[in-house]
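Trainee: Okay, here's what each chain looks like letter by letter:
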Amino acid sequence: MSNQLNPADQFTLMMDQEIRSSGMAGNNCGIVLELDGVIDEEDVQQKCQAFAKKFPRSVARLFQKGRHYYWKNSRQTPLPVFFYKPDALQSPDFDRHRKFLDIINTPVSPFDSAPVEIHVIIEAGQSFVMLRWFHPVCDAKGAELVLHHMFNPEKDLPDSGDLIIESMLKKWTFWEKIKYTWKAFSMIRSMEKHPSVLPLLSESADKKPGLRRIVLNREDSDKVMSLAIKNTGIAGISLYFVGCMMRAMEQAGNDNEGQAYCVPYAVNYRRSRALVPVFGNQISFIFTRAEKQLVQSRERLFPYLREQHKQTIKNRHDYAMLPLMQLASWLTLKRQGEIVRYTPDGRERSSFWFSYTGNMDPEPEQLAGLPVTNMYHLCQVASPPAMAVLVSKFQGKIVLSFNYIESQCDPDWIDSVVKIMTAELRGQ
Amino acid sequence: MLQNLKSYIFKELVFVDNADEFTETDDLLDAGLDSMGIMRLVLYIEEAFAVSLPDDELVPENLRTLKSLEDWINQHK
Numbered sequence: 001m002s003n004q005l006n007p008a009d010q011f012t013l014m015m016d017q018e019i020r021s022s023g024m025a026g027n028n029c030g031i032v033l034e035l036d037g038v039i040d041e042e043d044v045q046q047k048c049q050a051f052a053k054k055f056p057r058s059v060a061r062l063f064q065k066g067r068h069y070y071w072k073n074s075r076q077t078p079l080p081v082f083f084y085k086p087d088a089l090q091s092p093d094f095d096r097h098r099k100f101l102d103i104i105n106t107p108v109s110p111f112d113s114a115p116v117e118i119h120v121i122i123e124a125g126q127s128f129v130m131l132r133w134f135h136p137v138c139d140a141k142g143a144e145l146v147l148h149h150m151f152n153p154e155k156d157l158p159d160s161g162d163l164i165i166e167s168m169l170k171k172w173t174f175w176e177k178i179k180y181t182w183k184a185f186s187m188i189r190s191m192e193k194h195p196s197v198l199p200l201l202s203e204s205a206d207k208k209p210g211l212r213r214i215v216l217n218r219e220d221s222d223k224v225m226s227l228a229i230k231n232t233g234i235a236g237i238s239l240y241f242v243g244c245m246m247r248a249m250e251q252a253g254n255d256n257e258g259q260a261y262c263v264p265y266a267v268n269y270r271r272s273r274a275l276v277p278v279f280g281n282q283i284s285f286i287f288t289r290a291e292k293q294l295v296q297s298r299e300r301l302f303p304y305l306r307e308q309h310k311q312t313i314k315n316r317h318d319y320a321m322l323p324l325m326q327l328a329s330w331l332t333l334k335r336q337g338e339i340v341r342y343t344p345d346g347r348e349r350s351s352f353w354f355s356y357t358g359n360m361d362p363e364p365e366q367l368a369g370l371p372v373t374n375m376y377h378l379c380q381v382a383s384p385p386a387m388a389v390l391v392s393k394f395q396g397k398i399v400l401s402f403n404y405i406e407s408q409c410d411p412d413w414i415d416s417v418v419k420i421m422t423a424e425l426r427g428q
Numbered sequence: 001m002l003q004n005l006k007s008y009i010f011k012e013l014v015f016v017d018n019a020d021e022f023t024e025t026d027d028l029l030d031a032g033l034d035s036m037g038i039m040r041l042v043l044y045i046e047e048a049f050a051v052s053l054p055d056d057e058l059v060p061e062n063l064r065t066l067k068s069l070e071d072w073i074n075q076h077k
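Protein chains in written order, with this note's numbering: chain A, 1 to 428; chain B, 1 to 77.
Please note: incorrect hints may appear among the correct ones.
Straight-line C-alpha distance at most 30 Å; calculated DSSO-like pairs for lysine-lysine [stated by the list, open to error]: (1) A/99 with A/65; (2) A/177 with B/11; (3) B/67 with A/314; (4) A/170 with B/11; (5) A/85 with B/77; (6) B/6 with A/393; (7) B/77 with A/310; (8) B/11 with A/183; (9) B/67 with B/77; (10) B/11 with A/314; (11) A/179 with B/11.
Source of the hints: derived by calculation from the structure; they are not laboratory data. Note that the coordinates shown come from a computational prediction; the quantities given were computed from them, not determined experimentally.
This is chain A alone, in the form it adopts within the complex:
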């Protein structure tokens, strides 16, 4: 496996710089698994260190050489594992979610720390395992694979897997890359027709991540998936969530100016159910966008988003971002950020960031011998847009994570958005 960050890795490193420059800790993400029972600390330690030996990328260090970035692997470095013991947590004020948010918002140097960490909170009869990962090392699906390989060490380890992004870029000729890059520029330019609606209240020095998490029951989850297939098609399920979120923001009221909701989201090139590659971001990203007038009507919005998505894929706009990211990797991270996030007159393009990771795959029934009862993703976000919505499925239940910057989003407004979003998803 190459030690150089691929263009998608470097894109997420650019986002790390953007998040840091907006006053947060960086492009850190987390998966939290809730376990029924008290976990064996020694067992977790052993599994983590065995994983680090087999997958040295998990404890590698980032370094810069010229314009590009690389990982320096080491088989001698331990994987950081932190336990938060019950005795220290007896305070009634202890807020578990706040603890997880503080963990991903603790600033560490991207060059001097491991890109993967395990944090375990142990409470009475329950344990909460959080994988914190630095986004340039892997995407959300890769993070699910880290947990899988870490806690299933008895299984045969596959090889490191294909370099998906690198292979795609290698097979294109110079002129094909030029053609795709032009497409990508056209797509980005089309986002500039109307200013984006932003959830931002105001710029504030005090920036802390906030999280609202909703888990729909199985019955509701089945109903939502049926409505998604009905409204945006079996090939566009994520668009149903994006559309409902646009409508929730619109109905919750938004005092900021803006004429359209513009939403960037990742597309993943991994083969479904593949256990490798674990590391490397195997993603690109695309935008979906709708003007406010369209957002007011479900009947008009969903067919519009569906057709837009079809044209995006048909015109290979998802592939188009790859050579653009490769080209951009020769620029400084700061310049990359300016080009991708802002229009030439300085307006943020994104209303919110979105990610639909689908079913956790492989889905663990048990972790370290304890039944897994719940799972959710969390992430950091730059300001603006100050909000990222992550949607996943676990044990047949839809999990919605609303990640935002507390001082920049009115808590009543967030509550309202979450309430309307869940009603919209149910078709109410």
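We have chain A; now place chain B onto it with these hints.
Mentor: Okay, now just chain B, sitting in the frame of chain A:
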């Protein structure tokens, strides 16, 4: 046609332990064919077999197995 479909699906979209043993009546959705994979598969079919597949026929019944995919494509040839 079946071999082309099978080759594309298991090379590009879905990983299964032994693709050779996957039959034309095995369930592709259970095997892991997801939303984005379906979109890519439809575009591949339209290009590779020179057919146009209507959006309103993009339903699980037509996508469930290699055989149902083949039948669906043949209806539009």
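Trainee: Please go over all the hints and tell whether each is borne out by the structure.
Mentor: Status of the hints after comparison with the structure:
1. Taking the CA atoms of residue 99 of chain A and residue 65 of chain A, the gap is near 35 Å; set against the 30 Å cutoff, the hint is violated.
2. Distance hint between residue 177 of chain A and residue 11 of chain B is fulfilled; the C-alpha atoms sit about 23 Å from each other, no more than 30 Å.
3. Restraint check for residue 67 of chain B and residue 314 of chain A: satisfied, since their Cα atoms lie roughly 24 Å apart, inside the 30 Å limit.
4. For a cut-off of 30 Å, the pair hint linking residue 170 of chain A to residue 11 of chain B stands: about 17 Å separates their Cα positions.
5. A threshold of 30 Å between alpha carbons decides the hint, and for residue 85 of chain A with residue 77 of chain B the separation of about 65 Å lies outside it, so the pair is violated.
6. The hinted pair formed by residue 6 of chain B and residue 393 of chain A meets the criterion: a straight-line CA distance of about 27 Å does not exceed 30 Å.
7. Taken as a hint, the residue 77 of chain B and residue 310 of chain A pair is honoured in the structure, with Cα atoms around 21 Å apart against an allowance of 30 Å.
8. Only pairs whose Cα atoms come within 30 Å are accepted, and residue 11 of chain B paired with residue 183 of chain A is accepted, the gap being roughly 26 Å.
9. A threshold of 30 Å between alpha carbons decides the hint, and for residue 67 of chain B with residue 77 of chain B the separation of about 15 Å falls inside it, so the pair holds.
10. For the hint pairing residue 11 of chain B with residue 314 of chain A, the CA-to-CA distance comes to about 20 Å; that is within 30 Å, so the pair holds.
11. At most 30 Å may separate the alpha-carbon atoms for a hinted pair to count; residue 179 of chain A and residue 11 of chain B meet this at roughly 25 Å.
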